[in-house]
Structure formats: C-alpha cells, structure tokens
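Combine both chains into one complex, guided by the hints.
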Amino acid sequence: MRFIDASCRLGMPAAPGEGMPWKTEEILELMDRCHIEQAFAYHIVARDGEVEDGNGLLMEEIKKDSRLQPQWCAMPATFREFLHADALGDAMKKNGVKTLRIAPKGFAHSAMPYAMKELMDFAAQSRVPVFFDYGEAVGDALYDLCSAYPDVKFVVTNTAYALNRFLGPVLDACPNLYVGTGNYVPHQGLETFCRYYSADRLIFNTNLPFGSATAAVSLVCLANISKEEKEKIACGNMERLLSEVRL
Amino acid sequence: MNWEELVFEAKPFDGLLVLDVHGHIGAHRPFQLGAYSAAQVAQTATRMGVDAVCVSSLPSIVSDWKWGNEEVAQACRDFPGLILGYAVPNPYYEDCDIAPYLSMPGFRGIKVHGDMQGSLPLNDPRYFAAYELADKQRLPVLFHAWLPSEVAAATDVAKRYPNATIILGHSGMTARAAAVQAARECDNILIDTAISSTYDNAIEVLVDKVGADRVVYGSDISFFDCIHTMGKIALAKLSDTDKEKIFGLNAKELFRL
Chain A
0 MRFIDASCRL GMPAAPGEGM PWKTEEILEL MDRCHIEQAF AYHIVARDGE VEDGNGLLME
60 EIKKDSRLQP QWCAMPATFR EFLHADALGD AMKKNGVKTL RIAPKGFAHS AMPYAMKELM
120 DFAAQSRVPV FFDYGEAVGD ALYDLCSAYP DVKFVVTNTA YALNRFLGPV LDACPNLYVG
180 TGNYVPHQGL ETFCRYYSAD RLIFNTNLPF GSATAAVSLV CLANISKEEK EKIACGNMER
240 LLSEVRL
Chain B
0 MNWEELVFEA KPFDGLLVLD VHGHIGAHRP FQLGAYSAAQ VAQTATRMGV DAVCVSSLPS
60 IVSDWKWGNE EVAQACRDFP GLILGYAVPN PYYEDCDIAP YLSMPGFRGI KVHGDMQGSL
120 PLNDPRYFAA YELADKQRLP VLFHAWLPSE VAAATDVAKR YPNATIILGH SGMTARAAAV
180 QAARECDNIL IDTAISSTYD NAIEVLVDKV GADRVVYGSD ISFFDCIHTM GKIALAKLSD
240 TDKEKIFGLN AKELFRL
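If you're matching them up, the sequences are chains A and B in order. Those letters in the first sequence? Residues 0 to 246, per numbering that gives the first Met the number 0, in order. Those letters in the second sequence? Residues 0 to 256, per numbering that gives the first Met the number 0, in order.
These are computed hints drawn from the structure, not numbers from a lab. This one's a predicted model, so the numbers in the text were calculated from it and none came from an experiment. Ideal Cβ positions, reconstructed from N, Cα and C, are used throughout, including at glycine. Do not rely on the hints blindly, as some may be mistaken.
What the hints assert, rightly or not - Which stretches of chain A does chain B cover? Using the computed rule of at least three CB atoms under 8 angstroms from a CB of chain B, they are:
{"no.": "1", "stretch": "18-27"}
{"no.": "2", "stretch": "31-42"}
{"no.": "3", "stretch": "149-163"}
{"no.": "4", "stretch": "174-187"}
{"no.": "5", "stretch": "203-213"}
Said to hold, decoys possible - Each computed SDA-like pair below joins lysine to any residue, with the alpha-carbon atoms no more than 20 angstroms apart:
{"no.": "6", "chain 1": "A", "residue 1": "Lys226", "chain 2": "B", "residue 2": "Ala9"}
{"no.": "7", "chain 1": "B", "residue 1": "Lys10", "chain 2": "A", "residue 2": "Ser225"}
{"no.": "8", "chain 1": "B", "residue 1": "Lys236", "chain 2": "A", "residue 2": "Trp21"}
{"no.": "9", "chain 1": "A", "residue 1": "Lys226", "chain 2": "B", "residue 2": "Glu8"}
{"no.": "10", "chain 1": "A", "residue 1": "Lys63", "chain 2": "A", "residue 2": "Gln37"}
{"no.": "11", "chain 1": "B", "residue 1": "Lys10", "chain 2": "A", "residue 2": "Arg32"}
{"no.": "12", "chain 1": "B", "residue 1": "Lys10", "chain 2": "A", "residue 2": "Asn223"}
{"no.": "13", "chain 1": "A", "residue 1": "Lys226", "chain 2": "B", "residue 2": "Phe7"}
{"no.": "14", "chain 1": "A", "residue 1": "Lys22", "chain 2": "B", "residue 2": "Glu203"}
{"no.": "15", "chain 1": "B", "residue 1": "Lys208", "chain 2": "A", "residue 2": "Gly16"}
{"no.": "16", "chain 1": "A", "residue 1": "Lys22", "chain 2": "B", "residue 2": "Ala201"}
{"no.": "17", "chain 1": "B", "residue 1": "Lys10", "chain 2": "A", "residue 2": "Glu227"}
{"no.": "18", "chain 1": "B", "residue 1": "Lys236", "chain 2": "A", "residue 2": "Met19"}
{"no.": "19", "chain 1": "B", "residue 1": "Lys10", "chain 2": "A", "residue 2": "Glu228"}
{"no.": "20", "chain 1": "B", "residue 1": "Lys236", "chain 2": "A", "residue 2": "Gly18"}
{"no.": "21", "chain 1": "B", "residue 1": "Lys10", "chain 2": "A", "residue 2": "Ile224"}
{"no.": "22", "chain 1": "B", "residue 1": "Lys236", "chain 2": "A", "residue 2": "Glu17"}
{"no.": "23", "chain 1": "B", "residue 1": "Lys236", "chain 2": "A", "residue 2": "Gly16"}
{"no.": "24", "chain 1": "A", "residue 1": "Lys22", "chain 2": "B", "residue 2": "Val204"}
{"no.": "25", "chain 1": "A", "residue 1": "Lys226", "chain 2": "B", "residue 2": "Arg46"}
{"no.": "26", "chain 1": "A", "residue 1": "Lys22", "chain 2": "B", "residue 2": "Lys236"}
{"no.": "27", "chain 1": "B", "residue 1": "Lys208", "chain 2": "A", "residue 2": "Pro15"}
{"no.": "28", "chain 1": "B", "residue 1": "Lys10", "chain 2": "A", "residue 2": "Met0"}
{"no.": "29", "chain 1": "A", "residue 1": "Lys226", "chain 2": "B", "residue 2": "Glu4"}
{"no.": "30", "chain 1": "B", "residue 1": "Lys236", "chain 2": "A", "residue 2": "His34"}
{"no.": "31", "chain 1": "A", "residue 1": "Lys226", "chain 2": "B", "residue 2": "Lys10"}
{"no.": "32", "chain 1": "A", "residue 1": "Lys226", "chain 2": "B", "residue 2": "Glu3"}
{"no.": "33", "chain 1": "B", "residue 1": "Lys236", "chain 2": "A", "residue 2": "Glu25"}
{"no.": "34", "chain 1": "B", "residue 1": "Lys236", "chain 2": "A", "residue 2": "Leu27"}
Chain B on its own, in the form it takes in the complex (with noise of 0.2 angstroms):
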C-alpha cells in the first residue's frame, strides 16, 4: 500500500479494508456539527473508501435514549453494511430495554457514555443489564474514556463481563498511561484511535505499548472528519501490517464481519 499517494493524491481508501469503530450521528446542541445526518457521515465513507462505520446516535447518548435508538435503526437500514449501530442505554429508565435493538441487522454493540448522562460512573450498577447483554452475546461495548475515572471503570467492568470486549474509545484521552496499563491488565480491553487533535506520535507509542492487535481505528466522526485520523494513521511511523490491523482487520473481527 503506497499511504504516501492515498493521503497526497486524494485517493480512497479502496483495497483497504477499513472500519471505523466510534461514528456518531444526530446532533447534540453544543457542538456545531455542521454534517452530521447518517447520509453525510455514508457520503464521507463511501467517498472516502471505508467499508463500514459504526455509529451511536448522539440524542440516545443526550435526551430521548429511544428516539436515538430509533435513528440509528433507520441509519442501518438505510445504508445497509456501511452504518452498523451501537445501541445506547441510558440507566436512569427502568424500561430502558435495548435488547431488541441487538437483535436488528445492522447493530453489532453498545456504546455508553456516563459523562453525559449526569456524570454517572459508568460501572454503576444501573448499568449491568447492557453489560450482561454484551457478555452474553459477546459483544463489544464502547466506552467514553476520557477521564481517568472512566478508563478506571471500563477496567472494572471488563474484568466482571470477560466475555464482552471494551473498547476505551479516546485511548483514555487524559488518562492514556491508564488505558495502556487496563489494555495490559484484560485481554478483552481495545483502545480506539479518536484521540481528537492530539500530536503526532500517539498512535505509534500507543501501538508501542500495546501491540497493533489491540488498537482500532476510530474517528469520532462527526464531530471530527474521518480523513483527520485516516490520514494521521496512513502517515504514522508503522508497518503495512500494523495498519492493516488498526483500519479495519481488528474490528472485522470484533463485529464478526
């Protein structure tokens, strides 16, 4: 693969076997997202060669878990294949019940994000059922990893759901020495690559630290353009193979694709 001409000669990203693990669609009232409807993030990933991006629903995350839910079934019907879902509890409802949502085509995990729904420890126990789900069905769960609090309960609850796999979306972002070390301490903990605007290098001390079998590529689209991180991996100081992993050869694994 010549990464020099994909990123210099604006080419997609075909013969590539790319998934992004941490898509967004729908809007959340701070951020001005500008494209963030489940057809502009599909236009982006066809235009740009990736296979496959799967995506929360940012209203199931911020206001109606449902409705959310709801967007990103439609999403992943669609855009068959290229829009997979996370299905978003939110611990607060009792009847908040997102097995239905796994069993639709399309979905392939859950997302949680307890920061914005009232700072809430994501190894609370109102979360267990959606992590009982992932267990049972061997499902990946993509944590908020921002904080060190958050990497420290994706830990805990990877250690009580072995059979679910965590992925530390951000790479832990302000607690990145903690992320590698939870990657480290469970077999089943990935980090994804959304590390916002972080400086060059990350990525390969990540891949340094870890091994390239437990990093996945992730954009954060679309509060960031996903040619903002393909670019910085296809540039990275990596082997082929290292980045054939982390584009998409980890999570075709991880999504069972």
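Chain A extracted, bound-state conformation (with noise of 0.2 angstroms):
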C-alpha cells in the first residue's frame, strides 16, 4: 500500500524529545520505511508566527528531495501581516503550493468570516484544502469554524482518544470537514469512523517529527477495515481533494 502524508512538518522545534527525529533527512527515512510517496510539509518557524517567512523557508527546505510538497501556513491580511487573497493565489500558483494550514488560536485571530472571510473566500474558490491541528478549534469552536465556510474543504489534524462526541456532531452537520488519522487513535476509531460516516472523509497524515509515521501507518494498515477502504485513506481521498484544486 502506498501513502500520501497529508501533513507533517520541517523544521527545528523548540524542546525535541530525546532521539526525536525532527531533520529533513530522518523524515525522508521514515517516509522510506513506511511506504510514503509523498508528504506535504509546513514549516515550524511559519506555524510558530513568521508565517511568510517560514513558508520561504519551506520552500528552500523541500528542495531536498521531490517527495515532499509544501502546505503554507496563512492567517488573515490584517494590518498587511500576510498576503491577501489575490496575492496568495498568486503566490501558491508559482510555488506549486496545493494546500493550507491555518492556526487561528495560535496565532490568536478569529476564525469567523468578519475576520477571514478573504482568505476562505479564496479557499473556497480555488478549492484548495485547509488543514488545521484540533487544538486550534476545540469543541463548539469546530462547528463554528466549519459551518462558517461550508465551501471549504477542511481537514482536523492531530485529534486523539477524547474526541469522539465533539467530532460526531460536526461530522453529521458539516460534510466539508475531515478527519486527518495521525492520532485518531480509539480502539476501533477507524472501523467505526468508517461505519458511520465512510472512510471517504479519513485522510492519513503523521504529524511528524511529533507524531509517529510507524504508528500511523499501522492504524491504518492493521485496522479492521476492507482494502478499499484503506487505499482511500492511505492515498486516495487526498489525491482527490488535489485533484479539485483550482490554481
């Protein structure tokens, strides 16, 4: 089976765990030792506030090896803190960047349309997918973001065990979002993920160097689901959300 990394990141964090294997060159390993053709990588520096910078940075980083895509980091134009609309479809479109990650509790901005109405406008329109870790719209604050932009497609990265009666309720109300698998980690989370709401809305991503590329692969591979099932999560929906973007 092969994989497509949805979301993982370069660059050097702050307080990396003893071995943890954070370099460009250990990710590649890694991608090597679990069947991942392709992963698409933000920056740390541009999660962690200097988005037009980090996203530089990307760009320069991915050069090292074809096999990884970049995913930029954005946040609203205010105050001209980063690119309008315009200028970031411009800008992706000569990067080849196919998709986002936005922070908007990190990076301490509304996430409603009175504030980022430009920016998921664009999305929306452009159809370019918008990723964002769990802890940046937690609980009420999910469906707010979801239902706001139900244009967009957005995927919930980094989630875990204590999720469930959260995500059930924003799944069932908004079909633009979906579930990244990096740490979906319930026991059965897959098999009844699938069960409820098809396995059309899982997409595999690691969250590396943080999470583990071994154990996502394995939550996949080794789950209680058919084969198709597991290709669509392992590769194909991402390559279909790429396949819509429209640059």
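Here it is in structure tokens:
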C-alpha cells in the first residue's frame, strides 16, 4: 500500500524529545520505512508566527527531495501581516502550493467571517484544502469554523481519543469536514468512523516529527476495514482533494 | 519474523508471543473510548494475534473499586487466558481488600492510579497493604507513571518492596529521563511502551538506555487501539531478539505464564 502524508512538519523544534527524528533527512528515512510516497509539510517557523518567512524556509527545505510537497501556513491579511488573497493565490500558483494550514488560536485571530472571509473565500474558490490542528478549534469552535465556510474543505489533524463526542455532531452537520488519521487513536476508531461516516472522510497524515509515522501507517494497515477503505485513507482521498484544486 | 509484512500486509502477529501488560476495560466518563468492553478488547486481541492482555477496570480506579474488580473477574472468566486481570485497590476504604481477587483465576497483578484517586501519591501509606501483597506473592504492580512525582513514588515503592516488580506505565511520559534513571537504580522496575502518541524512535531510545530486558509491551487499550503500538514496535529499528523480548518474552516471565 502506498501512502501520502497529508500533513507533517519540517524545521527545528524548540524542545525536541530525546532521539526525535526532526531533521529532514530523518523524516525522509521514515517515509521510506513507512512506504510514504509523498509528504505535505509546513514549516515550524511559519506555524509559530513568522508566516511568510517560514513559508519561504519551507520552499528551500523541500528542494532536498521531490517527495516533499509544500503546505503553507496562512492567516488573515489584517494590518498587511500576510498576503491578501489575490497575492496569496498568485504565490501559491507560482510555487506549486496546493494546501494551506491555518492556526486561528495559535495566531490569536478570530476564525469567524469578519476576520477570515477573504482567505476562506479564496480557499473555497480555489478548492484548496485547509488543514488545522484540533487544538486550534476545540469543541464548539470546530462547528463554528466548519459551518461558517461550508464551501471550504477542512481537514482537522492531531485529534486524539477524547474527541468523538465533539467530532461526530460536526461531521453530521458539516460535510466539508475531513479527519486526519495521524493521531486518531481510539480503540477500533477507524472501523467505527468508517461505519458511521465512510472512509471517504479520512485523510492519512503523520504529524511528524511529533507524531509517529510507524504508528500512523499501522493504524491504517492493521485496522479491521476493507482494502478499498484503507487505500482511500492512505492516498485516494488526498489525491481526490488535490485533483479538485483550481489555481 | 518479517515485521514489514506483518504491518503492511496486515497479518496477525501469530507465531510471536504477544503479551500486553497495559490494558483497560470499562468506561471513564470524559474519554470517548467507543469500544471498551472486555468482549471488544478480546475481539481485537484475537484478530491481531495477541496472546493475552492484562487489564484493569476503569470503574475500579475512578469510581466503585469493588464493582470494577468484579468486572475484571468476570472478563477473566469469560475469556480465560486471553484476558488477564489487575486488581485495583482504593486507598480511601479500609475495607478494600484485593487479596481475594489475586487468588482468582486470571488475576496476575495490581494496578495503581493515584492521579485518578484524588491525586494521592502512589507511595502514600494507604497503598502499602496492596504493595505488601505484591511483595509477598512476587507480583507485578502497574503504576500509572506520567509525571515526575509518579516516577519518584514508583522508585520509592520499588525500593521498599524489592520482591514486587514495578511496571512504569507510559514510560514515565513527561518524565522519561527519570523513568530511565529509576530502572537503572532498581532491578525490579520495568518500563512499558504505552507512550501514547509519542514520536518515532522513542522506544529505540528506551531500549538503548535500559536494555530490551527491561521494556514490556503495553498498549493502553482501550484508550488507544493496540495496533498503534504493535506497529510502532514492529517497525522500530530494533533487533528481532529485542522485539520478541518486548512483545512477550519479558512479560511471560513476569506473569509466570
């Protein structure tokens, strides 16, 4: 089975665990070991605040290997801290960027339309999938975000075991929400998810280097679901989302 | 053993002794486990070729100790050999006697979780009666060991009760270095692999520091699906011998199977 990692991170973490494989070369080695053909990565400098500089660092870093694909961090253009949507679209097209990552909590801005409309209108029109960690939109905020922009394909990553009672109703209400499998770890979690919401809404990712690629591929490969469902999760669904991008 | 084939071709881990030292059955209110019954744990264990999983009851930790321990006794009866049990003491009740459970079929040790019992330190004297049983019967005691204080308490207990074997659940989690130090200090301390969503290479680092003889497979099922950690160990950069010890050979000795 081949995998596409829909979201991982490159760059130097502030507090790496002992032996954490955060260097790009180490991540590439793990990709080999885990049969991951491609990985969409964002840069830690972009995630932690220097958005445009970090996205630039990312473009340099991914030159090391063609299997690495860019995932840019984005925020509203308020006070011209970030690119306006038109300029963002042009820059993404020029750099071959097909996915975005937002962090409203981390970047300390509202996720509501009065603050994010321009950026989200761009994502809807260009059909660029937008990734965010669950910690960026916890509880009701997850529903608020997904329901405010029904034409945007959102992928929530870095979920965990204590989430389903929030996640389920939002999945019911918002067909534009997809779930990254990287840390979706409940016992029989993927089986249960596929039964209620279908494998079409699960997107493989690792959360490397803080998440584990070996665990992430194991969660999919060893789940008690069909081969077809595994293939959709491993790569098919992400390929479908990417094929819809219009930049 | 072709470890890659086991994972990528989704084969049961048959032909390999797999003993999970860290499992749970039963519900705990804030955690959405979905599949927490003994039957569901047994179902996954059977499907994956796990030979046995030793469980404690979450209700025995967070609410009614007796009801929860009875739940485990029933699970041991329903799934003999496949489900093994930890008896859980509640230090707030003087009448809490877990000795009868330890003589029931299937029970193999004791589980303590002070964090969910009023944040009581695990070396509080009110736990000593349970540790004395473990010491006398040479049983394992699985510690919830997530914080530095819990690792420190486990070390204290290991020294006080040298005939008991202390398993540091979650490898100390936020106190990994302290857990390693504890294992180096005390021969009767083991470390389990229930390190939740921790990064790749964490298990390799543990083995490098304390040796594969001191690391045991624990999944934290049903908080986590056991396939998470099974795959992580299978695909780890460790020797076949080390993986076999971690997956089951170390626990076989521990559980006297």
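Looking at the structure, which of the earlier hints fail to hold? Violated hints: none; all satisfied.
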